[in-house]
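Trainee: In terms of the UniProt record's numbering, the sequence shown opens at residue 1 and continues consecutively.
Simulated from the structure, these hints should not be mistaken for lab results.
Heads up, a few of these hints could be off.
[Stated by the list, open to error] So the derived label-pair ranges between C-beta atoms look like this: (1) ASP71 - PHE92: 16 to 26 Å; (2) LEU88 - PHE36: 17 to 27 Å; (3) LYS2 - ASN35: 15 to 25 Å; (4) GLY24 - ASP124: 14 to 24 Å; (5) ARG97 - ASP124: 10 to 20 Å; (6) SER32 - GLU99: 28 to 38 Å; (7) HIS23 - SER129: 35 to 45 Å.
[To be verified] Cross-link-like lysine-lysine pairs, in silico, DSS-like; alpha carbons within 30 Å at most: (8) LYS63 - LYS2; (9) LYS22 - LYS119; (10) LYS2 - LYS96.
Every residue gets a Cβ at the ideal spot worked out from N, C-alpha and C, and that includes glycine.
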Amino acid sequence: MKTVIELVTDKLFQEVKEEYEKHGELSDNILSSLNFVFGQPLLSALDLVDRDCVSHVTTPCQKEVYQVSSDSGRTYTCPATLQYCPCLSYAFGVVKRGELLVCKHILAIQLSRATGSCKEVQADDEKVSVILFEQDY
Numbered sequence: 001m002k003t004v005i006e007l008v009t010d011k012l013f014q015e016v017k018e019e020y021e022k023h024g025e026l027s028d029n030i031l032s033s034l035n036f037v038f039g040q041p042l043l044s045a046l047d048l049v050d051r052d053c054v055s056h057v058t059t060p061c062q063k064e065v066y067q068v069s070s071d072s073g074r075t076y077t078c079p080a081t082l083q084y085c086p087c088l089s090y091a092f093g094v095v096k097r098g099e100l101l102v103c104k105h106i107l108a109i110q111l112s113r114a115t116g117s118c119k120e121v122q123a124d125d126e127k128v129s130v131i132l133f134e135q136d137y
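From just these sequences and the hints, can you work out the full model?
Mentor: And the structure:
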């Protein structure tokens, strides 16, 4: 069973998708709602989406991960469930202090999925295994 916040965010991302499909941009009302729910990471996440920093990596065997390239040149790899990110903001802001719902990387993934702007990358199973193995945790 989904929590209330999961239901709210699912509905919000559905509205993002519909708004973007209809108008090719997000209205002030949608941006205000996103800011109310997600707060501080929103601006950075939108910047990552605008700069096409989000990739969805899939394999023929249906393995999938998301990768987000940061300003520092580091790439953060997140599982398709979006329940973890190896960044410090996730560790401290989401897990330890509970101040954030998600980090900017996971929010960027969710926004890029909703707007259809996520780069699709095909890879073999071995490459995805290497990506996951080499990820700093």
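Trainee: Work down the list of hints and note, for each, if the structure agrees.
Mentor: Each hint tested on the structure:
1. ASP71 - PHE92: 16 to 26 Å: 19 Å, holds
2. LEU88 - PHE36: 17 to 27 Å: Cβ of LEU88 to Cβ of PHE36: about 24 Å, so the range 17 to 27 Å holds.
3. LYS2 - ASN35: 15 to 25 Å: Once the Cβ atoms are compared, 22 Å apart, the range 15 to 25 Å for ASN35 and LYS2 holds.
4. GLY24 - ASP124: 14 to 24 Å: Since the Cβ atoms of GLY24 and ASP124 sit about 35 Å apart, the hinted range of 14 to 24 Å is violated.
5. ARG97 - ASP124: 10 to 20 Å: Cβ of ARG97 to Cβ of ASP124: about 39 Å, so the range 10 to 20 Å is violated.
6. SER32 - GLU99: 28 to 38 Å: 20 Å Cβ-Cβ, so the 28 to 38 Å window is violated.
7. HIS23 - SER129: 35 to 45 Å: Given about 40 Å between the Cβ atoms, the range holds.
8. LYS63 - LYS2: Since the Cα atoms of LYS63 and LYS2 sit roughly 24 Å apart, the hinted pair holds (cutoff 30 Å).
9. LYS22 - LYS119: Given pair LYS22, LYS119 holds - Cα atoms ~21 Å apart, limit 30 Å.
10. LYS2 - LYS96: 22 Å, holds
Of the numbered hints stated above, those contradicted by the structure are hints 4, 5 and 6, listed in ascending order.
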